[in-house]
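Q: Protein chains in written order, with this note's numbering: chain D, 1 to 385; chain Z, 1001 to 1521; chain F, 2001 to 2447.
Watch out, some of these pointers could steer you wrong.
[To be verified] Heads up, simulated DSBU-like pairs for lysine-lysine below, C-alpha to C-alpha not over 35 Å straight-line:
id	chain 1	residue 1	chain 2	residue 2
1	Z	K1439	D	K384
2	D	K384	Z	K1508
3	Z	K1134	F	K2394
4	Z	K1394	Z	K1421
5	Z	K1439	Z	K1421
6	Z	K1134	F	K2305
7	D	K362	D	K384
8	Z	K1324	F	K2099
9	F	K2294	F	K2222
10	F	K2231	F	K2394
11	Z	K1335	Z	K1439
12	Z	K1324	Z	K1394
13	F	K2269	F	K2255
14	Z	K1394	Z	K1429
15	D	K315	D	K330
[Said to hold, decoys possible] Stretch by stretch, here's where chain Z covers chain F in the computed footprint (C-beta under 8 Å, at least three residues):
id	region
16	2155–2164
17	2236–2248
The set of hints was computed from the structure by calculation and includes no laboratory data. Model, not experiment: these values are computed from the prediction. By construction, the Cβ of each residue, glycine as well, lies at the ideal position given by its N, Cα and C atoms.
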Amino acid sequence: MIFPAEDMIVDSPRATPLYAAAASASEANIWTSVNGWSLARVFTSVEKEYHAAKNSAAIADLGALSRWAVRGHEAAQFLSRITTAPAPRLGIGESARGLILDGDGGVLDLAEVSRLSDGLFLLTTPTAHARRLQLGARGVDALGEDICEAVAAIGVFGPRASDVLSAAGMKMPGEDVAASAVVRGVETAARPIQFGALAGVELIFPAADALTIWERLVRRGKAGPIGLDAMEILRIESGAPRPGVDFVAADHPGTATRRTPAEIGLPHLAPLDRGWYNGRRGLRYVATQPERRLVTLSIDDERSMPGAAVFAGGKPVGRITSCAWSPAIKRVVAFADVARPVGAKEYEIAVPAPGEGRVAAKLYETPESALAKAFRQAQDAAAKS
Amino acid sequence: MSDAQHKPGAGRIEGGIDAIVIGADAEGLTAAAYLGRAGYNTILLEAGVDIGGPVCARELCPGQNYIDGEHLISILDPAVIADLDLYRHGVSYAARCLDTAYFFEDGETLQLGGDLQMAAAAFDDEEAGPAFQKFITDVFEAAAFCRPGFEAGPASDIEKAMRAAPRALAARLNFFSLAPAQEVLDAYLPDGPLKAALLCEAGFRSAAAPHEPFSFMTLVRRWAGEIAGLQGACAYPQGGAIAVVTALRRAAQAAKVDIRAATGVASILIEQDHAAGVELEGGGQIRAPIIVAAGAARRVFMEMIGAAVIDIEFQRAITAARPKLASGHMHLALKGVARDEKTRAHMNRRLVYAPPREALRRAFADARAGRVPSDLMIEAVFPDALDEETGGEKMQLLSAIAHPLPFDEAPDAARRGEVEKAILANIEKFAPDIEDRIKARALRLASDIATSTGAPAQDYAAPPSIIEQVALARVASSAGYVGGLYFCGREARIGAGLSCAAGRVAAKAALFEAKRGGRAA
Amino acid sequence: MTATFDLTVIGADEASFSAAAVAARTGASVAIIRPRKRKNMAASYCDMPNFVWRRLDLHEYGLSLERISARVTLGPDGATVTTHEGVRETQAALAQEGKADHLLWADFVDEMTALEAGRRLREAASMPKNGAAGFSLFSGSVRDCAALAQATGSCAAALDDYLEDDALKTHIAAHALGPTGLGGGEPGSALALSEFFDAHAWRVRPDEDGPSLLSTLETACKDSGVEFFTKDLAEIAREGARHVVVSLADGETIKTRYVLFASPGAALKAGMRASACPLAGHGAATAVLRIALKRPMPPAAQDDKAVFQVLDGAGDLQIAREAALDGRLPDNLPVEFEYAANGDIIVRTAYCPAAFRDDEGWREWTGQDRQAAARRMIDQLARRIPEFSANVRKTKIEVIGAVSPDRPPVFTGPGFAAGMENIIIQPNRHNAVAAAVQLVDRMLAGE
């Protein structure tokens, strides 16, 4: 799951249930606000947190994401209407990623659906979509309940994630399935998640127990907290576009740009042959070859900034939408929104400093772009046969 | 499915069909006839027993029938008449250009010829005459210009036309489309009976009151109609409005359309986001690549397809609340032939009772609040006087439409009595003592007409403002992007009255797409 | 003697002065015609958009802006609903009051603000020359058409579709429709929602003892070379294809390319009917009452920087609207009030009849009617504020938009109906200043 763009205007942000714990752990004391919730950008240092997540384990406050419990006889149909995730095909404990599309096939948001029991699903989205859930439930026997206020959520990432959980006595029934259980008197749901390329577990539990569980993970599990800035590097490395940064939601007030799943590099999340979802018919009307595509680039430079122009074959083709210094490859990794030819491999990036010209950039394969590529190849093969 | 197996046709799959039309009202018949004439093997399915939708003949009392649904035609699409050879299939006009007599509360009357351009030129008033002429010229020009916009046709055509509109016309269209009828009439005409009459015309059979925004378009829409080559006119077909439906049916039959009554559609089959056929209520399937649906959008999309598989945005638009207002039809069998000279003189005209401006405004407020207004607009005709073939010796029929009435899902007897009393009181205003001559009466409210066609009552409520209808028609005729599905039901029609334009446009779109996609028959 | 101007603005409110000053600063020659008598009853808050502030450099005149702290509706039995301009602040307030709709609030505000079709409709309505733009509504995409169907519907239907809580719906209807005098059941009244959420209400505070916003704008006009005519209007006539001649009461004439009435009140005063905009609210007048108190009282909801509405239920708006159109003062008059800097209370209502009707027919407002309106407005406040009536020391009332039934309007509808498409009349708007300035910009750019 990915955080949406930070709030443009910080309008008295609310404290998540984990705020007190995060505040006492934060040495750097740099905060931002996401969806109106306060969120730490850095706890100790970005690089330290990044390496901890990559090599050991890190815990993050995921309370700023929007969460819904979806119940009802037709909960699965409802979810497959709202999102492109194949909810009816999920077994108990399984999760699936998807997109939220409008009727014309424009991307509104990312989504993740988990089935906790027969008639209970969990829907997680970067931003809230209350109206959409209200409308989507009309004529369908399902009800979505916003549980953001009632629960706290902690993500545990990294290769040592499961050790951390066992040490904290939070070992959940299954390794790779979502489940809910009462752990030491606290009603908790846990489910496997991916943050970027990092596998992890997300714990969801009543807000009142937030500090106890955080404390347990830190003390006994010896996991350090990770802030938004380090997670941003992990995100770009993994190739997950960020709503509001790398693309703008199709229903955003005043936006004229609508992006299809293919244009944001996630065509594999909305295949036309998957069961019904909102916007599928609209997508059929859209040209099969996208005019633009969001690509991940690695840039041989240390100073690139969002907004910098991207060139291909000497011509300007787009701009960088987000970027970060990757300590792993010692380059800047970036998302760039580029126009045709979307298949180009070599790019150049304008460097902001005067007289410095351009630096070379290459397409950078991420776990996400690999999925998209495989999907496109399979599609082309199917079209040929 | 054990239940279905007992029914005839259950489990049977019928193929080799090119197109299915659901709903055999005038629009459905039109669409089917167009498809049939293009050589498509077409089936027309009607859930009810009767063909023709709400327009049908009913018995008022022994020896006297009336035509339910519509009593005049004014916006019937001329292209449909020409394309389907309706004249050859039996449409002829008993009265092709009805004059209108307006009656006012103070006893005054005003007569306007059926040819409004001529009526304006001949209007005998120093002040109002030239103003009326300018008004008719301006509005007729705008109405003719808007005509494609009232057919829910391809948006690109209209856009092209709009861009080409001269500046002065564009400014006028802008005013006409947004302003209340009252403002437009005030801007053009001096106070007087003419203005009061036109104000009524603008509010008639619409949920938009003449003092409220967008209401002038109601009149523009009516005057965009053309009957027998005469713009803005009203006609009475030989045999009544049902003659049009009968001719459409003959046209469809001549085009080898297989018309099946009492065959309800349970669901529309969709495969790969493309319509693939229908499942019948009695079980069994008919498969076809083209489906034209003429029912109400709620019924077609929410029930035959299902909320779970239509886009949320589309669902919101087609299920949005509609105004709670309706018109009521009243048919009276009158004893003997009218004796009073005044009525006799008016009998082969269209008679309109026009309440004063204030009363009209209050009537809309009352109706919207669920009260029966004391003042109502009445449009009445004496079909027997217009159409000598049907005239009886001892009885005479009066058919009237009253507007605005509150919309009731299921009115009780007390409410019906109240409505009937109000309508009669307003008819009395131009036909005094008529009550004594009534031998039989039939009150047909929106809910009655709906019941007889098996549709929800809401389908027969008064349509919202023309602007809203145009916007909605465009959404509805997109059919939620289901390929091969074309919609010409309530929500795709613009204006009140028999039009058939939606059926024509839906069929034409189906033919165009089929040719382009290589799915031709 | 005939003076020639590019633009003549008729009116004496914030929107008129802002539009005139901005036009003058862009190099146009501008005249303002304002009526002889002038009471300073104008609103102490308005939408003062940043771009107007910048273009007039209002900070140089010692003004400062302060946000309206809240929108409050005082309902029956002490029930109140409060919303703020900040979406999250409102959500928190609604959540605290236990309203389920708080989750939908952000989406609701976004959707209403983004009702692009609504904006185009309003623009088309106030800019008759630019008719084609408005009429292209007929040819939008499926998505545009769905939005248009919503925008041309009623305010009540839009609220019902979205929200569940009746008190909240009443609150929104009261604040969004209040300035327009509409009932909420009319086609097109949904536009008031999009406009309400699009506008930002500011209270403009002058320096200690400094001039008010209105006087400041007047100064700004004079500094920019706007010429003032403090005279009554006699007639407006067309001259040639491109000009309009405005005759004043003393026989003086002004030849001008464009005439702008920045508010329908000014237009009605000049005997002209307002525009075709669905928000025009024809047939109603606005009454403004300034109440001086005997002794200071604690402000309602302990907030003297909020804007308050007194309303029992959303349905009362429609009833009041019908009464006003009937030529009566509504029994349950919806009123809006706020606290002036000196502690006075300013009460406003747009639900007064433009003229009265009794057995003999239509008649003009009389002194007695004004008193009756003032009394009713005080009564409405007294229903919510204990011991209010006894505490009223002095009142001053002004009625805007009253018409004389005997005097026929110069002409009605947009100017082109009389062959004068360069006359523009703005309807009542939440963002009157922004709208007037934008209109003037487009007019002078020759659109």
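Q: Run every hint past the structure and note whether it holds.
A: Here's how the hints hold up against the structure:
Between the alpha carbons of K1439 of chain Z and K384 of chain D the distance comes to roughly 76 Å, so the proposed pair goes past 35 Å and is violated. Using a Cα cut-off of 35 Å, the hinted pair K384 of chain D and K1508 of chain Z holds, with the two alpha carbons roughly 33 Å apart. This hinted pair does not check out: K1134 of chain Z and K2394 of chain F have alpha carbons roughly 53 Å apart, beyond 35 Å. The straight-line distance between the Cα atoms of K1394 of chain Z and K1421 of chain Z is roughly 25 Å, inside the 35 Å bound, and the hint therefore holds.
Taken as a hint, the K1439 of chain Z and K1421 of chain Z pair is honoured in the structure, with Cα atoms around 16 Å apart against an allowance of 35 Å. With a C-alpha separation of about 53 Å, the suggested pairing of K1134 of chain Z with K2305 of chain F is violated against the 35 Å cut-off. The hinted pair formed by K362 of chain D and K384 of chain D meets the criterion: a straight-line CA distance of about 29 Å does not exceed 35 Å. A distance of roughly 28 Å separates the Cα atoms of K1324 of chain Z and K2099 of chain F; the hinted pair therefore holds under the 35 Å criterion.
A threshold of 35 Å between alpha carbons decides the hint, and for K2294 of chain F with K2222 of chain F the separation of about 38 Å lies outside it, so the pair is violated. Restraint check: the Cα-Cα separation between K2231 of chain F and K2394 of chain F comes to about 29 Å, which is no more than 35 Å; the hinted pair holds. At most 35 Å may separate the alpha-carbon atoms for a hinted pair to count; K1335 of chain Z and K1439 of chain Z meet this at roughly 6 Å. Straight-line distance between C-alpha atoms of K1324 of chain Z and K1394 of chain Z comes to about 40 Å, which puts the hinted pair past the 35 Å bound.
Among the hinted pairs, K2269 of chain F with K2255 of chain F is consistent with the structure: their alpha-carbon atoms are about 20 Å apart, no more than 35 Å. Between K1394 of chain Z and K1429 of chain Z the alpha-carbon distance is near 24 Å, which keeps this suggested pair within the 35 Å criterion. Pair hint K315 of chain D plus K330 of chain D holds up; C-alpha atoms about 27 Å apart against a cutoff of 35 Å. Counting residues of the region 2155–2164 of chain F whose beta carbon lies closer than 8 Å to any beta carbon of chain Z gives 3, which meets the minimum of three for the stated coverage.
Counting residues of the region 2236–2248 of chain F whose CB lies closer than 8 Å to any CB of chain Z gives 0, which falls below the minimum of 3, so the coverage claim is violated.
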